[in-house]
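**Student:** First to last, the protein sequences are chains A and B. Last residue of the first sequence: 390 in my numbering, with the numbers rising by one and none dropped. Last residue of the second sequence: 390 in my numbering, with the numbers rising by one and none dropped.
These aren't lab readings, by the way, just hints derived from the structure by calculation. There may be inaccurate statements among the hints.
Computed, partial: chain B to chain A, Cβ under 10 angstroms [claimed, not checked]: (1) Ala65; (2) His151; (3) Val157; (4) Pro176; (5) Asn208.
All C-beta atoms in this analysis are idealised placements derived from N, C-alpha and C, irrespective of residue type, glycine included.
Number of protein chains: 2
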Amino acid sequence: MKTIKCLTILCCVSFLVTCAATMQENTAEEEAPAPPARFFRGPRIVSPELHADNSVTFNLNAPEATEVFLRGDWMAGSPGGIPLTTENDTIWTVTVGPLEPELWGYYFTIDGVRVLDPSNTQMKRDGTRIENILLVPGEASDLYQPHNVPHGTVAKVWYDSPTLGLQRRMYVYTPPGYEKSNQRYPVLYLLHGAGGDEDAWTTLGRANHILDNLIARGEAEPMIVVMTNGNANQPGTNGEVAPPPEDRPEATGSFPESLVNDVVPFIEASYRTLTTPDDRAVAGLSMGGGHTISITLGNPGTFKYIGLFSSLVRGIDSTFTQQLIALRDENPELYWIAIGEDDFLYEGNQELLALLEEIEIEYTYVETSGGHTWTNWRIYLSKIAPLLFR
Amino acid sequence: MKTIKCLTILCCVSFLVTCAATMQENTAEEEAPAPPARFFRGPRIVSPELHADNSVTFNLNAPEATEVFLRGDWMAGSPGGIPLTTENDTIWTVTVGPLEPELWGYYFTIDGVRVLDPSNTQMKRDGTRIENILLVPGEASDLYQPHNVPHGTVAKVWYDSPTLGLQRRMYVYTPPGYEKSNQRYPVLYLLHGAGGDEDAWTTLGRANHILDNLIARGEAEPMIVVMTNGNANQPGTNGEVAPPPEDRPEATGSFPESLVNDVVPFIEASYRTLTTPDDRAVAGLSMGGGHTISITLGNPGTFKYIGLFSSLVRGIDSTFTQQLIALRDENPELYWIAIGEDDFLYEGNQELLALLEEIEIEYTYVETSGGHTWTNWRIYLSKIAPLLFR
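Build the full structure now, drawing on both the sequences and the hints.
**Tutor:** What follows is the structure, given as structure tokens:
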């Protein structure tokens, strides 16, 4: 036991939340106790405040908190967070940075409870984790925003996966002008990591904005980007699609098989695609990099452009080597590997690189700073997209 | 000051969050202080547990909390929440219900701080508000789930709005089979309320699931559903699209004008639509109901199907009356008004009904229990969709 102040956060909520709390009527199943005076609107606080030098001030109204911490993506590599301080026992504040231009995520902890910044309506979801967004503008983050350029369409599309025995959902990006042209387009199959789903590459990866901007600059070919759900048992995003009702069966088979057997034929039948191996790329991050390895070793002539981002590398043995030799003999246009120097999957990637040297497959290796982060995966997509289909 | 226990919540997070906290590396801009022992994984707790009689138990691991409350949609009309109790000072629990079959939202407060249920990965967003989802199965909520039926596509589409001087984003639902048919389809323009955006009708309103299921049962005509962003100054959803970079201009003009001048022509040029007034419906909730009134009074012959859900009704005067008479003379196929008996907009809707009686326009009035809730708006969509284009 220790003596601290009783904790109440004054939530600065939109008028609709207030409406919802005060004006909605339904059959109350329970007799609610006296209100604990927590469901009201507090004063407006501006947070985060971005300053001219890219330092950032975070402010929080929490008059009954004992301690408040800020945790942001830019602290990756350091445990814990940065304490906020208060002079009037009401508004807590901290200034950090200057921060690099980037799409950062952050959250607060108030007396140990993880909370979103109530003054910031911008949020992002990574699987089950929700954080606030802070975009620090600059050259590096410029690709991640919707500029005044032609935009592609992102469609949430259902397809049958006989391999998995499931109806499943994917996202399909069609480039600007797709709807009105008669052109056929090459296709990038872009795979997410463990903990993510078909939503990850647009929400966190900003793949649609990156492609829109690179295409507008003439730095990438217009292409279709197919973003599947790599969790074989999941029809689609948790909460929006899953869990499925009871009339859905369990999945059978593996995701890499289903990508080749189900997804590629569906895409090539449903969209105006170019359909030679030269018109197909596959790339993935972490678990999706592992999927990319499985897919390309199992189908050596199908994709001429291959990208591994912070990839999970497993099971290098004689079969793996023989399959990689078969892949080499198909003359891929691009075998592209990127990883951060601090990534926990770094060693596995070095083993793969050694094997690539040994069997003399042509490859491109990009080593960046940082680790296993969406910062790096956005950068890797920005780097590989200009190399595809050219 | 009062004496309570120090508060720490043990977050039950996915392995990826653990990876992120422990394995990521980046340039740390700040020297982080010693970790406050808050960024670790706790034991697995199952919450919510749905029982056979549709009662529900909520569980939370919060060994240092002093008081925990549950607040759920089903308590609308009552302020405050229901207290959870603990016997071992670690796991807090409460059982509620039986609850009606419905797609409920809920959250906890821990010592006054609003938090999501860390054991439930299903979440929904309403504008700036994020809550956990609890789906209680049954006839009423059956339409809101993705059953094993053919599914339509939901596309996030950009369009130019010369009326507002902005590029903007909308969601377009195309019915199952659209991609492979040569058929032309009627169009429902479906508008959200204040605080929402173009995401609301699919995420909270489950419009795509409702349409998929009604079409599969033969209870609704296959139709295109266009879900715009009714906030004239917003290019699209906060966080995903907005705020825009500085190279975007401010909006000019009104949303109702832009719907007729920009959105309808764009949809009819871009999709295989039927294009007579008999093939166009417009419906909206709350602010979107107000928009629907403006749109149909200003363009009396354009939409033959009109739906007002818990609608904002303003400015009934002689001009309004003259415009409503002009609308009547266009013989709309359906003028459909629904509101809950406890809705705070009830009186305005009664005034409109009196005027409809006075000028002898044919209309349908549906009065339900409850108030200004997504529960009602899902029900209203489920009721009106079978009446359209038949």
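**Student:** Which numbered conditions among the earlier hints are violated in the structure presented, ordered from lowest to highest?
**Tutor:** Nothing - there is no hint that the structure violates, so all of them hold.
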